[in-house]
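Heads up: the sequence lines are chains A and B, in that order.
Under UniProt numbering, the first sequence has 65 at position 65, and the numbering climbs by one with no breaks.
Under UniProt numbering, the second sequence has 11 at position 11, and the numbering climbs by one with no breaks.
I should point out that these hints are in silico values taken from the structure, not numbers from a laboratory.
These stretches of chain A come out as covered by chain B in the derived footprint (C-beta under 8 angstroms, 3 or more residues):
(1) 10 to 18
(2) 32 to 39
(3) 42 to 54
We put the CB at the ideal spot given by N, CA and C, even for glycine.
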Amino acid sequence: MMSSKAHSSNNIANARRTVQQLRIEASIERIKVSKACADLMSYCSEHARSDPLLMGIPASDNPFKDKKPCTIL
Amino acid sequence: NVLCRCCGCRTLLLLLLLWKLEEHLLPLNETLAHLKTESETLKSKLEEERAKLHDVELHQVAEKVEGLGQFVMKTRRTLKGHGNKVLCMDWCKDKRRIVSSSQDGKVIVWDAFTTNKEHAVTMPCTWVMACAYAPSGCAVACGGLDNKCSVYPLSLDKNENLAAKKKSVAMHTNYLSACSFTNSDMQILTSSGDGTCALWDVESGQLLQSFHGHAADVLCLDLAPSETGNTFVSGGCDKKANVWDMRSGQCIQSFETHESDINSVRYYPSGDAFASGSDDATCRLYDLRADREVAIYSKESIIFGVSSVDFSLSGRLLFGGYNDYTINVWDVLKGTRVSILFGHENRVSTLRVSPDGTAFSTGSWDHTLRVCDDCYFLSNLTTLQPRVTFLVTSCNVCCFSLFFFFLSDLGLRMRTQRMKW
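The following block holds chain A by itself, in its conformation from the complex:
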C-alpha cells in the first residue's frame, strides 16, 4: 500500500514537471520561418568569403597542402 502511494505521488510529480516544462516551452517568443531562414542565408553570404572549405585558399596559405608539381590527368 505504501509503495503504490509513493508510486502514484511520483507519477504526479513527474506529470507536474512535464506540464511546467511544456508551459515554459509553449510561452517562448517565436519568429516566422521565412525571417529565420533569411537570417541564416545572410549569415552564410556575409561569411562565405572567409570560409576556406567553401572558397578554397591558395596552397601557400594552407598548411595541409603539400607543394608538389601538378600532374596532367
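Given the structure of chain A, go ahead and fit chain B onto it with the hints provided.
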C-alpha cells in the same frame, strides 16, 4: 486528537491523518488525469503555435542563392597509432593539434601538420568515448566507461607521465558520452548515459549545475558560440534535442522530430540554429528563433546512421560522418549533397572542422584519423559564365595555364574544372 492504542503517542497517527488529508485537499486540477490532459493540450498548443509561423521551407527561401556545384574532398593526412576504434576527437585552438580517444583506452595528442604524436595517456578503462581540448591548449579532458571525466594537464616535457597529474572532475552514474570545456579551462560540461548533463568546476570537482529532462542516455552536446549567451544543446537516445540554460539548469526548448537516437549536435556558427545527426540516417537543422526544424538532409540511398556533424565556418556546408564509412557534405541552404568522401575502412565515428575552417578531421572505427579539405570543385559552365577570367587560371605551382573541358556522366553538359593546388 487520536491516541495510539499501544503506546499512547499521538504523533504517528496525526502524521497519517495529515497525509490522507493532503491527498483529499489537493486541488482538483492536480490529479494525475488532469495533469495528463493539460500536458496533451499544451503539446498540441505548442505544435499549433509552431505551425502558425511555418510559412516557408528553407530550401524555398534559398532558391535564389547560387548553387555550389560539386566539391571534391581529399585526405591530406592520415594519423595512425591507435590500436582500436577511434571514438572521439577535438581540435586545439591553435588549429594544428588534435586530441583523440579510442576503445583501446588511449588518448593521444597529435600534431596534425606533421602527424607526430606529442602525448599519449592510457586511461584505466577501455572505450574512452569522449575527449576535449582545453581552450588554453594546456590540458585535455576525457572519459568513457569509467563514468568519469578526468582532466590531464599537458606537460612540455614529453617524458613526463601525464597520468600522474590526472584530476578527476566529473562523476556520473553511467558512461560519459561527451565532454566540453566552456569558455575557459575552469569549467567542463558533460553528458552521460545516465540521462543527465552536468556542469563541473575543474579545480574543485564540484557539481555546479545538473540538467535533467532527457528520458534516456544523452549522447552528445554542444555549447553555443560565446557571443550568444549561456546555452547548450544536447541530443539523446530519446530522439530529443534539448536546449538548456546553463545558469538555471532549465530546459528552454525541446525538439523531437528525429526517428532514432541523436548521435551528434552542433550549433550553426551564428548561434541561431543547430544541426543534428541521427541513427535515422538524416541530419536536420533546427532554428532556435523559429522554434522548429527547418531542413532535413537525407537521400533515399543513404540508409546508415550519422555519427557526427559539423559546419564549415560560414555555415554553408554541413559535414556528416556516417556509419557506412563515408562523409557526406551538404549545402545547408539548398538541402542538396555537394560531396561524398570515401577513404575510411570502417564507420566514421567523429568529425570536427578545424577552428580556422581550413580543414576537417575525422576519426573512424578503422583505428585512424584523417585530415581533409577540398582540392577542387566543379561548377556548371553556366554559373561560371559571369566569371570568365577564372577559366584561364594558372596553376599556383608551375604557372602553367590550365583549361579543361570534359563531358559529364550524361554527356549533355560541359563542365570546366578549376585546378586549385
